Amino acid sequence: MSDIQTILILSGLWVLVLLNAQATWGIVQKGFGAMLGPRDNVGPLSGRAARLDRAKDNTIVAFALFAPAALLNLDATGSALLSAQIFLIARVIYPFIYVAGWPGVRTIVWTAGMLSTAWLYVAAL
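Each residue of the sequence shown is one higher than the one before, starting from 1 at the first, in our numbering.
Derived by calculation from the structure, the hints in this document are not laboratory data.
Among the clues, some could well be false.
Unchecked claim - Restricting the straight-line Cα-Cα distance to at most 25 angstroms, the calculated cross-link-like pairs of lysine to any residue (SDA-like) are: (1) K30 / L10; (2) K30 / A100; (3) K30 / D53; (4) K30 / L74; (5) K30 / F96; (6) K30 / P44; (7) K30 / S46; (8) K30 / S11; (9) K30 / D40; (10) K30 / Q5; (11) K30 / M1; (12) K30 / P68; (13) K30 / R54; (14) K30 / N20; (15) K30 / G101; (16) K30 / G47; (17) K30 / D3; (18) K30 / I9; (19) K30 / L19; (20) K30 / V42; (21) K30 / V17; (22) K30 / I97; (23) K30 / A50; (24) K30 / T6; (25) K30 / N41; (26) K30 / V99; (27) K30 / I7; (28) K30 / S2.
The model shown is predicted, which means the values in this text are computed figures rather than measured ones.
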């Protein structure tokens, strides 16, 4: 298994962790019964639960962009591998920064992840 495959697997697992964390926070905030139903009348999450929901959504979109780029670089070393590593680190710390409410730092971390993904596409050319 290549290093980029490992990073791709870890990134996918991280998405699963965020999905479960967000669901748990939703249950804590809205109640288990409300989250079992269709949630048409539950209302939006608020505070940290809402931030985690947005961070989760953002991470899913970022992963959808990262995964094909990673697959195009399975045997990569050097800058492509470094880019994949930066992506994973950025995506792991991003939700914590988002939930903490650090907007400037959040933007820097988000940008690092997106530029890393962009570089993987360029490296595949």
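Point to revise | Enumerated hints in conflict with the structure, sorted upward | key: Result: hints 1, 4, 8, 10, 11, 12, 17, 18, 24, 27, 28 break, sorted rising.
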